[in-house]
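In order, the protein sequences belong to chains G and A. According to the UniProt record's numbering, the first sequence is numbered sequentially starting from 1. According to the UniProt record's numbering, the second sequence is numbered sequentially starting from 1.
I should point out that these hints are in silico values taken from the structure, not numbers from a laboratory. Some hints here could point you the wrong way.
Unchecked claim - Calculated cross-link-like contacts (lysine-lysine; reagent style DSSO-like; alpha-carbon spacing at most 30 Å): (1) G:K43 - G:K113; (2) G:K114 - G:K135; (3) A:K135 - A:K113; (4) A:K312 - G:K113; (5) G:K102 - G:K135; (6) A:K199 - G:K312; (7) A:K199 - G:K199; (8) G:K312 - A:K312; (9) G:K199 - A:K113; (10) A:K114 - A:K312; (11) A:K312 - G:K114; (12) A:K114 - G:K312.
All values reported here derive from a predicted model rather than from experimental measurement.
Protein chains: 2
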Amino acid sequence: MTLPSSVVISEEGPREGFQIEPGPIAAADKIALIDALGRTGLKYIQAVSFVNPKRVPGMADAEEVVGGMTLTPGVEYSSIWFNEIGLLRAWALRDRLTIAGKIRAYPSDAFLKKNLNRSHEEHLEYTRYEIGRYKNMGIPVSEASVTAAFGCNFAGEIPVERVLSEIGALKALIVEHDLPINVVSLADTMAWATPNTIKRVVGAVQDRFPEFDVSLHLHDTRGMAIANAFAGLQMGVVYFDAAVGGLGGCPFAAHRGAAGNISTEDLVFMCHEMGIETGIDLDALIECALLAERIVGHPLPGQVMRGGTLAKFREGARSR
Amino acid sequence: MTLPSSVVISEEGPREGFQIEPGPIAAADKIALIDALGRTGLKYIQAVSFVNPKRVPGMADAEEVVGGMTLTPGVEYSSIWFNEIGLLRAWALRDRLTIAGKIRAYPSDAFLKKNLNRSHEEHLEYTRYEIGRYKNMGIPVSEASVTAAFGCNFAGEIPVERVLSEIGALKALIVEHDLPINVVSLADTMAWATPNTIKRVVGAVQDRFPEFDVSLHLHDTRGMAIANAFAGLQMGVVYFDAAVGGLGGCPFAAHRGAAGNISTEDLVFMCHEMGIETGIDLDALIECALLAERIVGHPLPGQVMRGGTLAKFREGARSR
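Bound conformation, chain G alone:
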């Protein structure tokens, strides 16, 4: 089993993290973190979400954050939205943000109903509508994801066949509309995955859809994220989402069960130690994690930010 020689990590910490924090967190602090992340070698940074400020007050300052951040050349800054208002807010900042349309599949009918109050058919219809809208606006639809691909709090286990049929439906849309999509993200939205399910589902997707690369979006709610990432690497996965410091999760009771993403620096540490290139400066990334911790004002779940890298020990051993 050969591991990939390099991986591409998309940083979602600013969006995942600042969205969930009880706050308030100053826009200047958010900007400071995004700017620091932009200097680590990360090529993809999800900066903000454009969501209802009444429901997610922590993201009400999205425009201020995007307006204030310093764009590092070669870095793509992105955002997410879930409705037309959000899209239009993002679109207004298209000189500073990469605006890409994303189509989403829901192999859990129960979650789709709960989350978006749509049936499977209604969601497919909505997705067609979305694609048309993006086309009209000249926005490339370049991302595809499968939500809760490894299990769902409402539907329980997700049969692999259902994941495959959902990707088949996405593929039909991609072909029909000639969408520039060659990566499908499998999201462990509710942290059901273990290394075994990662291997089973990723393997099945690779077998059925060799034309797509797989991306993994892993949550660490049950402590499995790094093992799941390793299982993904064993399957040849090279695209991962992550959040610096493990932002978005929190070891505190107030955030009990909060589903933080895999910690970026822990993932980068594992990759580098195994000879897998990330293009990221791990020391600079750890500084970002410590900055994030100071900003949110409580310990973050990342481990390497506390345990440190092995560089100084290697250096010391060499100079003995």
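Starting from the known structure of chain G, arrange chain A on it as the hints suggest.
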């Protein structure tokens, strides 16, 4: 790659955890945790260490703890010591503790010097002396371990050949003294391992010494423990040490870099989800982790104790 059908987990939380806590922690609380752990299905519980109370005040009450705990039939309660005084303290409690001699190899000369102020030859000589002493006392020498088998803060990388030669030296002692040892523990004492090094070192040991089973003692200082455990399972390892709640590590700055063991309940969760039996009641174990957290008075690094198991979601999905 087939995973084992069952594993044996040795619980080290009470010893690892209460030793490192600034305390003071009441003996009654320690006893409560040990007793609760004894009811989870765990078969091996390391309860205390007999160490210098001036250096480790948190373990000064070891006799009181051992005297007060309720012994569950079928559970082995053990302890550790590092010198003759400690051994004699443990020996005095042999009606309540399983007393087993352990021989230790140090593939890092630098760490051996730093930790025990011995050269390689001096340690070998001391080990022979220890074996003789155990024999005289009628104590079986039934455990063997390799310290810092995956890397060392003082020596840096540890060549696999050196690990093998150390196990070879242990084997010579085992043969010479006819010791009842068939498991060799590889300890990632300073948290250098990644899944790759686990596979490389464990594989080399299995190839060279098929007569020994491998046990893994994993620390989570850099967030790799659960991925390393998965790599171990992939190599067929069935013996693991773990600490409930991840006791021994701590997300707080005061414990910066503290090297906690892999969290028992996270490991059990992963095993159960992958169809690997542990004989442990995960819900009862999570209650122990929450009890441990209340006792130490700060958040512990375990994740499943916060995220919960998937049982209630599966149940809910079934009854839909």
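30 Å limit on alpha-carbon distance, applied to hinted pair G:K114 and G:K135
holds, 28 Å
Given the hinted pair A:K199 and G:K199, is their alpha-carbon gap at most 30 Å?
Status holds; Cα separation ~18 Å.
Within 30 Å, alpha carbon to alpha carbon, are A:K199 and G:K312?
holds, 24 Å
Agreement of A:K312 and G:K114 with the hint, judged by alpha carbon distance not exceeding 30 Å
This hinted pair holds, its Cα atoms lying about 17 Å apart.
Sort out whether G:K312 lies within 30 Å of A:K114, counting only the CA atoms.
Satisfied, since the Cα-Cα distance of roughly 17 Å is no more than 30 Å.
Given the hint that G:K43 pairs with G:K113, does the C-alpha gap stay at or below 30 Å?
violated, 35 Å
Can you confirm whether the C-alpha distance between A:K312 and G:K113 stays at or below 30 Å?
Holds: A:K312 and G:K113 sit about 20 Å apart, inside 30 Å.
CA of A:K135 to CA of A:K113, is that 30 Å or under?
Given pair A:K135, A:K113 holds - Cα atoms ~27 Å apart, limit 30 Å.
Between G:K199 and A:K113, does the CA-CA distance stay at or below 30 Å?
violated, 44 Å
Hint consistency between G:K312 and A:K312 [alpha-carbon to alpha-carbon, up to 30 Å]
violated, 45 Å
Hint check: A:K114 vs A:K312, CA-CA at most 30 Å. Holds or violated?
violated, 50 Å
Is the straight-line distance between the alpha-carbon of G:K102 and that of G:K135 30 Å or less?
holds, 12 Å
Hint check: violations occur at hints 1, 8, 9, 10; the rest are consistent with the structure.
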